[in-house]
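For the record, the sequence lines run as chains L and Y. Residue numbers for the first sequence follow our numbering, so the first one is 10 and each next one is one higher. Residue numbers for the second sequence follow our numbering, so the first one is 4 and each next one is one higher.
By construction, these hints were calculated from the structure, which means they are not laboratory data. Every residue, glycine too, gets a C-beta built ideally from N, C-alpha and C. Honestly, I wouldn't trust all of these hints.
Unchecked claim - Short derived list, chain L residues pointing at chain Y, Cβ under 10 Å:
no., residue
1, R131
2, L144
3, P261
4, V275
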Amino acid sequence: MSDLAIHTGDAPASARGSRFGLTGRIALGLVLAIVLVAIFGPFLVPYEPNAVDLSARLQSPSAAHLLGTDHLGRDVLARLVAGAGVSLGSVAIALSLILVLGITIGGIAGVAGGRTDQVLMRFTDVFLTFPTLVLSLFLVAMLGTGLVNVVIAIALSHWAWYARIVRGIVLSLKHRDFILASRLAGVGRLRIFAVHLLPATLSQLVVLASLDIGHIMLHVSGLSFLGLGVVPPTAEWGVMLNDARQFIWTEPFLMIWPGLALFVTVMAFNLLGDAVRDRLDPHLRMEHAH
Amino acid sequence: MALFILRRLALMVPMLLGASLVIFLVLRLGPSDPALDYLRLSRLPPTPQAVEAARELLGLDRPILVQYLDWLWSALHLDFGVSYALQRPVLPDLLHYLPATLQLAGFALLLTLAISVPLGIWAARHRDGLPDNAVRVVAFLGVSMPNFWLGFLLIFLFSVELGWLPAMGKGGLSHIVMPAIAISLMSLAINARLLRASMLEVAGQRHVTYARLRGLSDRKVERSHILRNALLPIVTATGMHVGELIGGTLIIESIFGWPGVGRYAVSAVFNRDYPVVQCFTLLMVAIFVLCNLVVDIAYAYADPRIRLSGEGTR
Numbered sequence: 010m011s012d013l014a015i016h017t018g019d020a021p022a023s024a025r026g027s028r029f030g031l032t033g034r035i036a037l038g039l040v041l042a043i044v045l046v047a048i049f050g051p052f053l054v055p056y057e058p059n060a061v062d063l064s065a066r067l068q069s070p071s072a073a074h075l076l077g078t079d080h081l082g083r084d085v086l087a088r089l090v091a092g093a094g095v096s097l098g099s100v101a102i103a104l105s106l107i108l109v110l111g112i113t114i115g116g117i118a119g120v121a122g123g124r125t126d127q128v129l130m131r132f133t134d135v136f137l138t139f140p141t142l143v144l145s146l147f148l149v150a151m152l153g154t155g156l157v158n159v160v161i162a163i164a165l166s167h168w169a170w171y172a173r174i175v176r177g178i179v180l181s182l183k184h185r186d187f188i189l190a191s192r193l194a195g196v197g198r199l200r201i202f203a204v205h206l207l208p209a210t211l212s213q214l215v216v217l218a219s220l221d222i223g224h225i226m227l228h229v230s231g232l233s234f235l236g237l238g239v240v241p242p243t244a245e246w247g248v249m250l251n252d253a254r255q256f257i258w259t260e261p262f263l264m265i266w267p268g269l270a271l272f273v274t275v276m277a278f279n280l281l282g283d284a285v286r287d288r289l290d291p292h293l294r295m296e297h298a299h
Numbered sequence: 004m005a006l007f008i009l010r011r012l013a014l015m016v017p018m019l020l021g022a023s024l025v026i027f028l029v030l031r032l033g034p035s036d037p038a039l040d041y042l043r044l045s046r047l048p049p050t051p052q053a054v055e056a057a058r059e060l061l062g063l064d065r066p067i068l069v070q071y072l073d074w075l076w077s078a079l080h081l082d083f084g085v086s087y088a089l090q091r092p093v094l095p096d097l098l099h100y101l102p103a104t105l106q107l108a109g110f111a112l113l114l115t116l117a118i119s120v121p122l123g124i125w126a127a128r129h130r131d132g133l134p135d136n137a138v139r140v141v142a143f144l145g146v147s148m149p150n151f152w153l154g155f156l157l158i159f160l161f162s163v164e165l166g167w168l169p170a171m172g173k174g175g176l177s178h179i180v181m182p183a184i185a186i187s188l189m190s191l192a193i194n195a196r197l198l199r200a201s202m203l204e205v206a207g208q209r210h211v212t213y214a215r216l217r218g219l220s221d222r223k224v225e226r227s228h229i230l231r232n233a234l235l236p237i238v239t240a241t242g243m244h245v246g247e248l249i250g251g252t253l254i255i256e257s258i259f260g261w262p263g264v265g266r267y268a269v270s271a272v273f274n275r276d277y278p279v280v281q282c283f284t285l286l287m288v289a290i291f292v293l294c295n296l297v298v299d300i301a302y303a304y305a306d307p308r309i310r311l312s313g314e315g316t317r
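Generate coordinates for the entire structure from the input sequences, incorporating the hints supplied.
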């Protein structure tokens with residue numbers, strides 16, 4: 010995922026259209042379905058995700074509670090649906106932060122070149138010497154626990170690859186004739202970056218980001234599972250798994266549902282990521298070999 | 004080769020220095036005040052006098068560069084300070100828990116390589132056949148599987164239902180198998196697919212065709228002409244996987260009651276116990292960088308072009 014070849018041209022015509030085939034469409038459908046559940050689900054489930062009902066603890070699935078209830082009598086389905094919103098929302102925010110950081114730092118390094126480039130890239134390299142989870146843990150220690158801080162920590166521990174890719178593409182293009190022509194015509198650096206250079210990086214950024222979404226989602230849930238992210242009683246899949254661990258011997262279904270939800274969501278995004286990569290950048294396809 | 008290793012070792016120094024500087028600055032310039040955290044974890048009331056005294060005790064009243072150099076100097080003498088929460092020296096405690104973590108992560112790495120390489124070869128041999136598709140599906144499920152959920156599923160199946168393996172604690176092989184599988188499945192899945200793709204790519208190159216034309220047996224061509232070259236990307240990927248395996252270990256330890264650094268570190272993160280966090284982070288970075296150094300050396304050993312040109316791999 011990280012050893013991406015720098016490739017800037019457009020995809021050949023043969024790779025367009027045909028490549029976003031059946032799996033891509035299924036993945037897109039799944040992702041849309043999950044997004045719809047996250048948005049409209051809370052209105053359809055007749056329970057509050059945090060409504061405690063101690064008289065209805067640890068119930069098996071029934072007509073009233075389709076997936077049963079947890080150790081505090083909360084409806085599992087309502088909590089799953091609420092968890093979808095938390096997962097998707099935090100990934101969306103983390104990814105936006107990553108893109109802003111990566112484009113800004115990589116762009117400045119590439120456009121400015123020289124010493125600025127050197128300093129910024131050494132700075133970026135330092136971030137790459139940390140295992141990502143260790144870096145996130147460290148940043149959470151600095152910022153404090155909680156979902157917002159976890160999202161910031163994850164963004165700060167993932168942007169470095171994006172910055173490198175943006176810089177690489179900018180460097181490969183900035184001495185081309187059309188860029189020189191724009192500069193001679195008196196176009197400012199910022200404008201050249203925004204109009205000519207940034208669009209060239211987009212297809213690679215989209216590919217990297219769509220392959221990274223699942224990874225980031227697992228990261229958020231993992232930190233919440235460790236008790237550092239989402240604070241109980243807020244419903245989130247990692248928190249639900251952590252709640253369920255004490256009942257694994259007696260009520261194993263409690264740990265099946267949140268894990269399955271996370272697994273299916275990550276899988277849907279990974280499928281979509283593969284399809285996007287095949288479509289936008291056939292040179293990166295692992296299937297390419299023949 | 005010796006020169007190459009020396010140069011690589013020398014490169015580690017600025018990397019670790021850079022990491023230590025970032026670790027130190029981020030914690031000091033971050034939004035919270037170590038003196039307050041120190042008082043909170045020592046269960047002292049944060050009166051203005053107490054804050055002042057703590058600041059002096061921790062040396063926070065000095066210029067930040069002096070603080071950093073002081074910390075670095077102590078760190079070079081293996082003194083990483085005293086935990087605010089436990090009032091015990093940090094490094095001995097961390098080193099007490101570290102072997103268990105390294106054991107688990109090392110076993111997971113072994114498992115990754117031992118399973119992914121045969122799977123990748125098998126899939127490449129039967130391209131688009133049943134084995135290839137089976138490996139494809141397994142690999143796809145593997146990259147999407149949350150490792151902590153997989154841990155629970157394994158406990159549920161092998162401990163709760165079948166009663167074959169112990170769910171908690173550290174002991175022989177029976178204790179390490181489940182956590183190691185949970186940690187390694189993702190890297191294993193990525194590796195198997197990578198090796199398959201890389202073998203098919205090498206198999207299409209001219210020197211392989213030439214070897215076949217020379218009348219070498221399929222087996223010999225595969226072993227000495229395809230596999231040797233195809234394994235190179237796997238070596239590089241292994242360096243990346245080490246980071247993921249370390250991260251996975253920290254999470255999985257809490258599920259299987261594995262007595263490693265994970266719980267110690269997570270509670271330090273939760274409490275904002277700075278000396279512990281600093282030492283832990285630097286230790287993990289050092290291990291990660293060292294593993295990547297070993298990978299680079301292995302790569303240079305396998306591919307003479309690298310060590311002769313003297314250029315980095317990554």
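If you check each hint against the structure, which ones fail?
-> none
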